[in-house]
Amino acid sequence: MQELDVVWLEMLSQAEADASLSGRGDVAEYIRLRASNDRVRMAGTKWLIGSFIELALEPALARASLSVDRISPHAFRRSTSNMVGEAVEITYGMRCLTVEAGWTRTPSDGVMRHGALAAANIRHRGIPEAGVELMLVRTPGLPEWIESAGRRITTADLRAHLDILLGH
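Residue numbers for the sequence shown follow the working numbering, beginning at 312 and rising by one.
Everything labelled a hint here was simulated from the structure, so no lab data went into it.
Since we're looking at a predicted model, the values are computed, not measured.
Heads up, the beta-carbon is just placed ideally off N, CA and C, and yes, glycines get one too.
Warning: the hint list may mix true and false statements.
[As the list claims (entries may be wrong)] Pairwise CB distance ranges (calculated):
1. Arg381 x Asp474: 17 to 25 Å
2. Ile364 x Gly478: 13 to 21 Å
3. Gly421 x Ala373: 23 to 31 Å
4. Lys357 x Asp420: 17 to 25 Å
5. Gly361 x Arg462: 19 to 27 Å
6. Gly478 x Ser392: 16 to 24 Å
7. Arg449 x Ala375: 41 to 49 Å
Could you build the full structure based on these sequences and the hints that come with them?
So, in structure tokens, the structure goes:
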């Protein structure tokens, strides 16, 4: 997915230059905003997926039955919208922790609700109450992943999901 994202940003950059040259400042401004948001989305998704992979490496080395699989590209539903991004599946015996993150890419994919830049799901096979839906939102500082109630997600929260997977 990363190569496609780089090509996408290059295409947006060229479209912005073309709009500026043709005197379409409004279109150029929209394209600049879109490119800026896409860079934030990519970085946020990379952090979330990468953090789970990094946290799972230590127990994976100690447990032969723990596996980590990255899936890219990956599509999933959020309400009536189609999100495109990537996922990671961490399995331990019969247990599975799935983390998927992405955003709508085209108008036909739907819309991002509640001002979210990206959406993510953390799901535990067989333990639906342990799952959580996340949104990547802009904050005065850096963008943050939050739960629907507005609570900020930390690395400790991610570790807690791995603990559920491992039965701790």
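Here is how each hint holds up against the structure:
no.: 1; hint: Arg381 x Asp474: 17 to 25 Å; in the structure: holds, 21 Å
no.: 2; hint: Ile364 x Gly478: 13 to 21 Å; in the structure: holds, 20 Å
no.: 3; hint: Gly421 x Ala373: 23 to 31 Å; in the structure: violated, 41 Å
no.: 4; hint: Lys357 x Asp420: 17 to 25 Å; in the structure: holds, 20 Å
no.: 5; hint: Gly361 x Arg462: 19 to 27 Å; in the structure: holds, 21 Å
no.: 6; hint: Gly478 x Ser392: 16 to 24 Å; in the structure: violated, 34 Å
no.: 7; hint: Arg449 x Ala375: 41 to 49 Å; in the structure: holds, 42 Å
Going through the hint list in order, the structure does not satisfy hints 3 and 6.
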